[in-house]
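Visitor: Dock chain B against the given chain A, drawing on the hints supplied.
Chains as they are written, first to last, in the working numbering: chain A, 1 to 295; chain B, 1 to 313.
Read the hints as simulated data drawn from the structure, not as lab findings. By construction, the Cβ of each residue, glycine as well, lies at the ideal position given by its N, Cα and C atoms. One or more hints might be untrue.
Unchecked claim - Footprint (simulated), chain A over chain B, 3 or more residues, beta carbon under 8 angstroms:
1) 49 to 56
2) 60 to 71
3) 80 to 91
As the list claims (entries may be wrong) - Using C-beta positions, here's what the derived DEER-type ranges look like:
4) Ala281/A x Ser111/B: 53 to 61 angstroms
5) Ala148/A x Pro125/B: 25 to 33 angstroms
6) Arg210/A x Arg40/B: 28 to 36 angstroms
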Amino acid sequence: MTFAPALRSATRAEDAAVAAELARQIRLDALRMTSHAGAAHIGSVFSCADLLAVLYAGVLRLDPTAPRDPARDRFVLSKGHAAAGLYAALAARGFFPHEKLATHYRDGSKLSGHASHHVPGVEVSTGALGHGLSMATGMACDGQWRGAPHRVFCLLSDGECDEGATWEAALFAAHHGLSNLVAIVDYNRLQGIAPVADVLELEPFAAKWRAFGWEVREADGHDHGALLDLLAFVPFRAGKPSCLLARTTKGKGVGFMENTVLWHYRAPRGAEFDQAWAELADGGQTASYGKDNAR
Amino acid sequence: MRDAFLRVLTGLAPSHPELVLLAGDLGFGVLDEFRARFPRQFVNVGVAEQNMTGLAAGLALEGRTVFTYSIGNFPTLRCLEQIRNDVCYHAANVKIVAVGGGLSYGPVGMSHHATEDLAALRALPGLAVYAPGDVWEAAEITRHLLVTSGPAYLRLDKSAARVTHQVDDTLIPGGIRTVRAGNDVTIAASGGILGEALAAADRLAAEGIRARVLSVHTVKPLERATLARAARETGGIVTVEEHNVDGGVGGAIAEALLEEGAAPRWFWRIGLRDTFSDAVGSQAYLREVYGLGATAIAAAVAARWKRAAFSAA
Chain A
1 MTFAPALRSA
11 TRAEDAAVAA
21 ELARQIRLDA
31 LRMTSHAGAA
41 HIGSVFSCAD
51 LLAVLYAGVL
61 RLDPTAPRDP
71 ARDRFVLSKG
81 HAAAGLYAAL
91 AARGFFPHEK
101 LATHYRDGSK
111 LSGHASHHVP
121 GVEVSTGALG
131 HGLSMATGMA
141 CDGQWRGAPH
151 RVFCLLSDGE
161 CDEGATWEAA
171 LFAAHHGLSN
181 LVAIVDYNRL
191 QGIAPVADVL
201 ELEPFAAKWR
211 AFGWEVREAD
221 GHDHGALLDL
231 LAFVPFRAGK
241 PSCLLARTTK
251 GKGVGFMENT
261 VLWHYRAPRG
271 AEFDQAWAEL
281 ADGGQTASYG
291 KDNAR
Chain B
1 MRDAFLRVLT
11 GLAPSHPELV
21 LLAGDLGFGV
31 LDEFRARFPR
41 QFVNVGVAEQ
51 NMTGLAAGLA
61 LEGRTVFTYS
71 IGNFPTLRCL
81 EQIRNDVCYH
91 AANVKIVAVG
101 GGLSYGPVGM
111 SHHATEDLAA
121 LRALPGLAVY
131 APGDVWEAAE
141 ITRHLLVTSG
151 PAYLRLDKSA
161 ARVTHQVDDT
171 LIPGGIRTVR
181 AGNDVTIAAS
191 GGILGEALAA
201 ADRLAAEGIR
211 ARVLSVHTVK
221 PLERATLARA
231 ARETGGIVTV
241 EEHNVDGGVG
251 GAIAEALLEE
261 GAAPRWFWRI
271 GLRDTFSDAV
281 GSQAYLREVY
291 GLGATAIAAA
301 VAARWKRAAF
311 SAA
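Just chain A, with the same shape it has in the complex (with noise of 0.2 angstroms):
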């Protein structure tokens, strides 16, 4: 039973490195899942494939040999839509064999397009937004009454905070003051089909999750090293659930994806993909499962 984290590393720029090239095998995986199923969602994905590559790389306490152990740390994926990524990343921590990734959104297969708790490693379903953040309370909160060391993190869009649902979690979760929550913003400002700024504006955001009672902290989510900073260290505040509020850009690692709604639909296909894959690849010698059946 091993409970540290993939890292095992001396330095921190050996750290970030690890997590950066997990970042780069889930940004490969996704887009060869997306591409090949003619699925959605890849900017959100890419978005946040940084803060996924960190917390399975360097953050959450588990072990892919026993994923219901009771000491695990518990990760729940919000944003259910970015399923592909989650599932990337837990296939490279071995939570299931790699070639089952090939399977995403095929009939048969427990790959559904929003995150399936069919699927080994992953704790909960979730897809309808605004959900996750309840659930991660409860089990926080039953953490927090039994005083078990665990940790429970949830990741969440920048859009499901439009959701009242995950406003309530938050007056929950600071009145009771739970230390062993974090939440992780992807705040990449760009919605379902329009940015943030022209739907319902979020900031002051970070004001917003302090004004609730919760210890915030704001970083660039796409550095690695400074995102294993702060995540190395929760809670933020003795006694406070965290925010992480992660500045992203969405489609980030594309240059063409990056910042636009459109991939937040569009699958890449033909020219696009090869592309894709060759920023992304950077060379080409990191293909997680091949290249060559990508189409």
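Guide: For chain B alone, kept in the frame of chain A given last:
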């Protein structure tokens, strides 16, 4: 019924440390004893039913038995998607308890009348649905909820039929209880309105019509054998529910009987007919207004009984 539920819960809480009661800022006064005696097993989560339900799922997935408690539509329709996705899909051990089923809240108004909850909740996979007819049934079902795992909905009524069970009776969860024998017609009632069905049976007896009265305390899973027997042994079936008939208990019974190949000779659903309960008055008054009272039930049964007898002659 609410008191019976709380009495059982309070009695069993010490031997069930995994039991947690979540209240949606309702239950003034009545939850005091539970809260005082079991402070570590009670949380008032505030006026936030969506969070209450998601939170309950999270707690249940960690091994707790979680009861959510509020009025009528609040722990049910308000958070229907949380019940579906968070509770039912994960088979989480959450028991949703609504007080004030049907028109219990009378003059308080339609916002507090639960008249579509059974239809909405019985559609959810894996969710057991209970609507006890008297306080004994409410207590027995509460006991059952504590010793069985999985999602359930318990609809409690302010009104209740007079207790009719024998001392040595056992309630079979998932079953249907024959409360009164009779072979002319069957009245199948669900919830506290069972009392009106029994009163209607008294009136029918005075007219020489012997009504069998069933308490459908478990709406889902619905026991079919008792229904099929009633269809074969009695002249016709009337269902009674304090609920809109679309998708309700009468519909569930009709579905079951047709699939069993046991269509009754005649069948009628008594309940709200595609309407909101916007009349103002006590539960008893509203039952009269909407044709759910004993007089209306007896009249509906007698009319169909006589028509069927006439056409058979």
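Visitor: If a hint holds in the structure, say so; if it does not, say that too.
Guide: Evaluated hints:
| no. | hint | verdict |
| --- | --- | --- |
| 1 | 49 to 56 | holds (count 6) |
| 2 | 60 to 71 | holds (count 5) |
| 3 | 80 to 91 | holds (count 6) |
| 4 | Ala281/A x Ser111/B: 53 to 61 angstroms | holds (58 angstroms) |
| 5 | Ala148/A x Pro125/B: 25 to 33 angstroms | holds (31 angstroms) |
| 6 | Arg210/A x Arg40/B: 28 to 36 angstroms | holds (30 angstroms) |
The structure meets every hint from the earlier list without exception.
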